[in-house]
Structures are given as C-alpha cells and as structure tokens.
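*Asks:* Sequence:
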Amino acid sequence: KQKLNLAEFNFPTKIKFIGDLDNDGKNDFIITYGETAGPTILYLSSQANENNLLKMVASFFSSYCC
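If you count by the working numbering, then the sequence shown holds residues 7 to 72, one letter each, in order.
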C-alpha cells in the first residue's frame with residue numbers, strides 16, 4: 007500500500023493512465039490532482055524504493071483561468 011495524496015490536495019481527482027511505461031512488469035500511473043488547477047504527475051514503479059510501489063518522476067502544473 008502507498009498513499010499518493012499531496013499535501014495541498016486531499017486526494018487524486020483523475021487517473022489519466024495506468025500501464026507499464028518502463029517495461030518492468032509493474033503498473034505506472036499518470037494522475038491529476040485538483041478539480042480546476044493542479045499538477046499532473048507521472049509515477050514510475052521502476053524508480054520506487056523498497057518501501058514504496060511508485061515514485062514521482064515528473065510533474066506538469068496546469069492552471070484554471072477565467
């Protein structure tokens with residue numbers, strides 16, 4: 007088990023992708039946080055330490071405007 011909540015967001019709002027991007031036989035995720043603005047984060051399983059399933063390796067922040 008591993009929580010993927012961020013400090014400023016109580017929970018992820020949308021899972022955009024589940025699949026094996028890094029060819030290690032385990033699922034990787036692209037998850038968006040926030041309803042109208044927030045980060046979209048790529049989590050890879052191959053980069054995780056022994057205590058976690060995934061590690062955040064990249065993020066993109068989108069904002070809501072008028």
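To be clear, the hints were calculated from the coordinates, so they are not data collected in a lab.
Every residue, glycine too, gets a C-beta built ideally from N, C-alpha and C.
Take these hints with a grain of salt, some might be off.
What the hints assert, rightly or not - Each pair of labels, with its calculated beta carbon distance range: (1) K9 x A43: 20 to 26 Å; (2) S69 x N29: 32 to 38 Å; (3) Y70 x D26: 29 to 35 Å.
*Asks:* Which constraints among the numbered hints does this structure fail? Numbers only, ascending.
*Replies:* Of the numbered hints, all hold.
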